[in-house]
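Student: Build out the structure end to end from the sequences listed, making use of the hints.
Chains as they are written, first to last, in the numbering used here: chain Z, 1 to 252; chain X, 1 to 376.
Hints were generated in silico from the structure; no laboratory data involved. All figures in this text were calculated on a predicted structure; none of them were measured in a lab. Note that the Cβ used here is the ideal one computed from N, Cα and C, for glycine as well. Just to be clear, a hint being listed does not mean it is correct.
[As the list claims (entries may be wrong)] To give an idea of the chain X side of the interface with chain Z (calculated C-beta under 10 angstroms), a few residues:
(1) ASP12
(2) LYS290
(3) THR298
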Amino acid sequence: MSMDGSLENSADAPDTVHPSVAVQVRGLVKSFGTGETSVTVLKGIDLDVYFGELLLLVGESGGGKTTLLSAIAGILDVDSGELDVLGASLTKMAPGTRTSFRGRRMGFVFQQFNLLPALTAAENVAIPLLIQGTRRQEAIARGRVMLERVGLGDRTEFLPRNLSGGQQQRVAVARALVNDPQLLVCDEPTAALDGPNGQKIMELIRDVGRVPGRCVIVVTHDSRVFHFGDRMAELTDGRIVGVHPIHAEATA
Amino acid sequence: MNYVALRMLFGDRAKYLMLLCGLTFAVMLIVQQGSIFWGLMMWSQSSISNINVPIWVTDPGIGQVDEVKPIADTAVDRVRSVPGVEWAVPLYKGVLRARLSNGDYHQITLTGLDAPTLIGRPAELLEGRFEDILEPDAVVLDQWAVERMGGPSVIGIGTLFELNDKLARVVAIAKTQKSFTNIPVVYTTYDRAIRYVPRERRTLSYVLAKAKDGDSVAEVTARIHEQTGLGAFSAEDFGWKTINWVLKNTGIGINFGTTIALGFVVGMAIAGQTFYLFTVENLKQFGALKAMGASTFTLARMILLQAFTVGLTGYGVGIGLATAFGFLSASGGGLPFVETWQLLVLVLVALLGICTLSAVISISKLARLEPAIVFR
Chain Z
1 MSMDGSLENS ADAPDTVHPS VAVQVRGLVK SFGTGETSVT VLKGIDLDVY
51 FGELLLLVGE SGGGKTTLLS AIAGILDVDS GELDVLGASL TKMAPGTRTS
101 FRGRRMGFVF QQFNLLPALT AAENVAIPLL IQGTRRQEAI ARGRVMLERV
151 GLGDRTEFLP RNLSGGQQQR VAVARALVND PQLLVCDEPT AALDGPNGQK
201 IMELIRDVGR VPGRCVIVVT HDSRVFHFGD RMAELTDGRI VGVHPIHAEA
251 TA
Chain X
1 MNYVALRMLF GDRAKYLMLL CGLTFAVMLI VQQGSIFWGL MMWSQSSISN
51 INVPIWVTDP GIGQVDEVKP IADTAVDRVR SVPGVEWAVP LYKGVLRARL
101 SNGDYHQITL TGLDAPTLIG RPAELLEGRF EDILEPDAVV LDQWAVERMG
151 GPSVIGIGTL FELNDKLARV VAIAKTQKSF TNIPVVYTTY DRAIRYVPRE
201 RRTLSYVLAK AKDGDSVAEV TARIHEQTGL GAFSAEDFGW KTINWVLKNT
251 GIGINFGTTI ALGFVVGMAI AGQTFYLFTV ENLKQFGALK AMGASTFTLA
301 RMILLQAFTV GLTGYGVGIG LATAFGFLSA SGGGLPFVET WQLLVLVLVA
351 LLGICTLSAV ISISKLARLE PAIVFR
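Tutor: As structure tokens, then:
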């Protein structure tokens, strides 16, 4: 297995996952629908993602980026293949255990933010902690601290509707990081934002997300933010057609 | 997560108010109609509650209290001779026409009480003294008689009118529960009552009795029936017999039952559907929570909390409005409205049932929800 992430055959996959590998995908297949209307979206994906890196999943629309991200995040069942995430086999995990695993070890940033409109920014950030059973006051206090880290210390009591799109996505990033996850998955985090705000959000994700012991996977089709990634995996028609380091391209 | 659930519920004020209105309307409709229905049933047995004695004895084939089947005058002594009977007195009850001095005729219910004891007299008087009924030609009216016969300007204490061409003089006005038919009630003594009415072979309507201390009413009524062949009923049993007769022989049961059932079904359907839609509209939010690690059990608890919160709030407001309606419209006994705790418990159970049902439907949808919905 090479650090440049070149395509690997599932038959060559090691039995044990290397400690530096946060996510190991082997022969992943996922179809939607049945019979004649069945569409295979992932056609045998192999991929490694390492701790400390920010991987971009790019490719044409309908290529399977979001489906792959959903599978890695454990929120979508797959048809076949192996999926080892943070040292655990998601494909062998019971649904309840997988839900709990997600809550403790992963953070999510969604394209449409998915903030609860009735909750303040600090309360929204506190949600992952509340789900884990943290007391409300403590969870909200930690939410406020997290909001300060993403530059929204003066907006903690604002409702989402009173925040700009960029600010809402910052709240979403704070929410994704509040329980200190090892895997941060982001689906088109800049799609609903204008250029400058998109850049700021990616800067934030890179700065607070890409730290030792954590890895970040970002699905994006926004070429303006490619330079924030360490590597880029390109999906076309349900297959990874290439995995490239980015710095060389970005500086080229 | 209870806090998050409640904030989600209250946060969308328009949806919350719509939900609350649906439930409030349903509860109010059911309680209001149910209370009016029960009030009417109480009115149907008002003769029993106004006379307020423990045992009623009459023809065994009687259907209800106002359907008088005269019995022989000797029945009083036969009942008195039954062991366990402390006292027994005669009661006359019959329908007559009263002619006022202005020429108006009114149908009245004539009630003749045992003169020495005046057992069966109304408990409360609005004007006059009930004992004056012992004076010549004296009668006592209930307050509804005054209302029906033209009001205080037409009839009151001292007014003379005719009953079957015989003179009657009002000496007191009694406060009573309104009757189902709202026919004015005129009280007099038993002996005078049978002088007012046209001659009949049998004039005794009821024997009113009481069991001795230490003897149960049930035992004594059974003994009276056994030894005299007459029908003997406790006041409670006679009340239920009357209610059952009204339900069986009039359209009230079906009409009110239909209204209440429709109100219930429509109200609850609105409430259930609104709550279900509330959950469906929040599906993406629930999907996000599921993606972030909230278990189906946690989400189910949140939905149940939301359902019961809005349900209990709607119940409280609905009961409050129905009670206010009853208080305003039925104060003074003008309209039938009896709100019983049994009705309130029944409505509460039904409401929580429909809330649970709609919550369970929503939860089953959530349980099948793939959290990947948040990435679409």
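Student: Against each hint, give a clear statement of whether it holds in the structure.
Tutor: Tested hints:
no., hint, result
1, ASP12, "holds (7 angstroms)"
2, LYS290, "holds (7 angstroms)"
3, THR298, "holds (7 angstroms)"
When the structure is compared with the earlier hints, no violation turns up for any of them.
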